Amino acid sequence: MDTTITLHVDGAEHTLTVDTRTTLLDALRDRLGVTSPKKGCDHGQCGSCTVLLGDRRILACLALAVAHDGARVTTAAGLAPDGELHPLARAMVDHDGFQCGYCTPGQVCSAVGMLAEAEAGWPSHATRDLTAATELDDAEIRERMSGNLCRCGAYPNIVAAIREVSR
Amino acid sequence: MTATAPGNPATPVSQPPAADEPMARIEGRAKVTGTAPYAYEHPTTEPLYLHPVLSTVARGRVTAVHTGDAEQLDGVRAVLTSKNAPRLADTSDLEFAVLQSDEVTFHGQIVAAVAADSPETAREAAALVRVDYEERPHDVILRSDHQDLYTPGEAVAGAAPDSHQGDTDTALARSVVLVDQTYRTPREYNNPMEPHSTVAFWETLPERLTLYDSTQGAHTVRATMATVFGLPEENVRVIAPHVGGGFGSKGAAKAHNVLVGLAARALPGRTVKLALTRRHMFSLTGYRPPTIQRIRLGADTEGRLEALVHDVTELTSRTKEYAEMSGLSSRMMYAAPDRTTSHRLTALDVPVPFWMRAPGEAPGMFALESAMDELAVACGVDPVELRVRNDPGADPQTGRPWSGRHLVQCLREGAERFGWQGRDPVPGHHRDGAWLVGTGVASAVYPRLTSPGSAAEIEYGADGRYTVSIGAADIGTGAWTVLTQISAEALGCPVDRVTLRIGDSDLPRATVAGGSSGTSSWGTAVHAAARAFRGEHGADPRPGARTRAEAPENPDLERYAMYSFGAHFAEVRVHADTGEVRVPRMLGVYSVGRVINPRTARSQLVGGMVMGLSMALHEQGVVDPRFGNVVNGDLAGYHVAANADVGEVEAHWLEESDPHLNPMGAAGVGEIGIVGTAAAIANAAHHATGVRVRELPLTPDRFLR
Ligand code: FES
Ligand code: FES
Chain C
1 MDTTITLHVD
11 GAEHTLTVDT
21 RTTLLDALRD
31 RLGVTSPKKG
41 CDHGQCGSCT
51 VLLGDRRILA
61 CLALAVAHDG
71 ARVTTAAGLA
81 PDGELHPLAR
91 AMVDHDGFQC
101 GYCTPGQVCS
111 AVGMLAEAEA
121 GWPSHATRDL
131 TAATELDDAE
141 IRERMSGNLC
151 RCGAYPNIVA
161 AIREVSR
Chain A
168 MTATAPGNPA
178 TPVSQPPAAD
188 EPMARIEGRA
198 KVTGTAPYAY
208 EHPTTEPLYL
218 HPVLSTVARG
228 RVTAVHTGDA
238 EQLDGVRAVL
248 TSKNAPRLAD
258 TSDLEFAVLQ
268 SDEVTFHGQI
278 VAAVAADSPE
288 TAREAAALVR
298 VDYEERPHDV
308 ILRSDHQDLY
318 TPGEAVAGAA
328 PDSHQGDTDT
338 ALARSVVLVD
348 QTYRTPREYN
358 NPMEPHSTVA
368 FWETLPERLT
378 LYDSTQGAHT
388 VRATMATVFG
398 LPEENVRVIA
408 PHVGGGFGSK
418 GAAKAHNVLV
428 GLAARALPGR
438 TVKLALTRRH
448 MFSLTGYRPP
458 TIQRIRLGAD
468 TEGRLEALVH
478 DVTELTSRTK
488 EYAEMSGLSS
498 RMMYAAPDRT
508 TSHRLTALDV
518 PVPFWMRAPG
528 EAPGMFALES
538 AMDELAVACG
548 VDPVELRVRN
558 DPGADPQTGR
568 PWSGRHLVQC
578 LREGAERFGW
588 QGRDPVPGHH
598 RDGAWLVGTG
608 VASAVYPRLT
618 SPGSAAEIEY
628 GADGRYTVSI
638 GAADIGTGAW
648 TVLTQISAEA
658 LGCPVDRVTL
668 RIGDSDLPRA
678 TVAGGSSGTS
688 SWGTAVHAAA
698 RAFRGEHGAD
708 PRPGARTRAE
718 APENPDLERY
728 AMYSFGAHFA
738 EVRVHADTGE
748 VRVPRMLGVY
758 SVGRVINPRT
768 ARSQLVGGMV
778 MGLSMALHEQ
788 GVVDPRFGNV
798 VNGDLAGYHV
808 AANADVGEVE
818 AHWLEESDPH
828 LNPMGAAGVG
838 EIGIVGTAAA
848 IANAAHHATG
858 VRVRELPLTP
868 DRFLR
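So the protein sequences, as listed, match chains C and A.
Here the working numbering is used: position 118 in the first sequence is 118, and no number is missing along the way.
Here the working numbering is used: position 611 in the second sequence is 778, and no number is missing along the way.
Okay, chain C solo, but in the shape it has when bound (with noise of 0.2 angstroms):
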């Protein structure tokens, strides 16, 4: 069955027709061609999908795109939309914290959803004391980034990239 849906990706805004099977993830990259976020898995067991929907970080291959109608996406294109890179992606940039570099923008948007979320007080299972405000160790930056597998091993220098962005 398909379904006409309307989606703002990174500030221009779509109307397409999509399955109502169609992942979000799919919509983006084989419909409109968006293909910053990457498909590593398609379970939600890896991250490469992750964008931003509003401020917080989704999976975009366990989305649905129907039930996303009107929905306000960034990726890690949109991120830098004059062209200047996102504090986070420079970050990225200057510790090289990637290589292949396939699951890097999903880390891109994950890292700055969970900044957000951090931000506002949400804990996480590194939380030693759930009534101080967070503070991002390197152990809060490895377990909230623990749903972004990179399989070239770029976790240290993406902690240090996320570090110093969170200072």
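Each statement offered as a hint is correct.
Here's a subset of chain C near chain A, in silico, CB distances under 8 angstroms, partners left out:
1) ARG21
2) GLY33
3) SER36
4) ALA76
5) PHE98
6) GLY101
7) TYR102
8) THR104
9) VAL108
10) LEU149
11) TYR155
12) ASN157
13) ILE158
Taking beta-carbon pairs under 8 angstroms as the criterion, some of the chain A residues facing chain C (in silico):
14) ALA191
15) ARG196
16) ASN358
17) ASP801
18) VAL813
19) VAL816
Derived from the structure by calculation, the hints contain no laboratory data.
Treat the numbers as computed from the prediction; the structure is a model and nothing was measured.
We put the beta carbon where it would ideally sit given N, CA and C, even for glycine.
Starting from the known structure of chain C, arrange chain A with the ligands on it as the hints suggest.
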């Protein structure tokens, strides 16, 4: 260190150094924004989407494929089976004989495929294809007492399968200290983050095939596709500018490349896209085969090795032979006068194994370096000191001098940096709350390989830039950046005057990005082209000046034993009640020749160590003997290290250059980081707990007694 490589007369002294700089990746901006195009992402108009149907039996014959329900779906353009798929020109390699017969030789083999207008339709239709089998008994489990064990031929093994030096039986019988243990490693999967993907387009009159492919070698895939489809090589083009990791699994064409070619040929004029799912990858894209390795070490009371025996038992597939040469490093690693190694295979009804990061060395050095740790304990010798004592002056296998063997320096510097001094050797002595804490060390080795057959072309443009072309691949190694630096150095110009072109089989031939040989093989070709270019066109070329050259042969390859070395140190904490294993700290010191780009080299070394940690703690493809499938075939069931698994990781290297290896003096660094890591962690876990685990991975249950 100087910026001018030996044998490079073209480099004027006044130029700024092009290499040895931590230049940021030139494709960095494209990668952090996600705009660097990977195979599946090249723009196409109205493509078809291909979805394969895989066998659900491990051995037998397809007796019927019921395609009616699938064909009735709106948007289905073709259902390919062995009955209607185009015939291939060459089916001698059974891995590539896709849909050419009804034989099933492993669980997860391609038995049909659907091409449809949308990915959803293709997937649904594939699920509607019903396949009947005549099933035959299968055998999928490796056993050391398997009755069909055989010795692989030298051609498939890439080296003599067995080696004998001296009389190990007598030496072992004489030795005062003996270690005789068996080590096991499981089936392991590369799992690059980008699943293997291919986009294909077939043209007729003349017949031409174009592939956008996720590959470590555009020319390698082109050669296979040309052979299999009976096309001249120049009528096949493979394009791969960015590749989302490979770790060996994209080092050759695979069955899915042939499948997408078949579909494109059956549907000429339409672009066909195939992205394997993560699950598909567990039977179609290779894996490290499980190993059973018996090691016997004989030594005197001081820990000086008198005999070293490394007997390896592994599986291969009945579909295609592959030999993981896990015993090779035991032939050259230590100075035992009497040494024997052997490799035995048994061919089972399993998917085709293939290269995974440091094939041979990674599992082999887990075994050898675990055994060395056991020997250190048995002799009461410090494990760093034990390795120093057994360091050979020349290659014990060939007698050749080393082009540079600096293992001892790596061990010494690593011990210093890690704080090894004063370590209490008694296991289980150190406790921090509920955590048992230990430290471990292991050596690493990887051959300094250069593959023959690469060429490069240099053209000078009216804009004053040099375009350097070579069909190399960047799978995350940093080749885009490092080859730019090498080009600038070889031409004696600043890096910003070089435009690099790689990742296309229409460019001069390049060997595969594998065996840590890329930088050496391609860089040698670039240097040759630069030298030839300057010879022909001088220092002030006219626009349009162009030269192409092949990498010359290196006579030193026959004169020297060329290896990179490393020393791994790890701190491990094992929870006394749950057996959970954590690795808060890893440190490696490497000898890898000259490091051209410290930034990208460090990333590769650290990445190798992280994969080694993953191998040590998590990775294991679990096979169900009843059906022959991998039961944990996705990233939820097959664990790879996540961010929170990894603590501090430091990689250092010695300042050096290998004058015998290539004009850059630099060896590749893609594999050595993984080689000794698992052993260092297992040795540290023993030091923490007193429990010696000889089988990977180090899951919590192994520490609970
Ligand atoms: S592709 Fe969405 S989590 Fe892996
Ligand atoms: S950079 Fe390759 S998977 Fe993360």
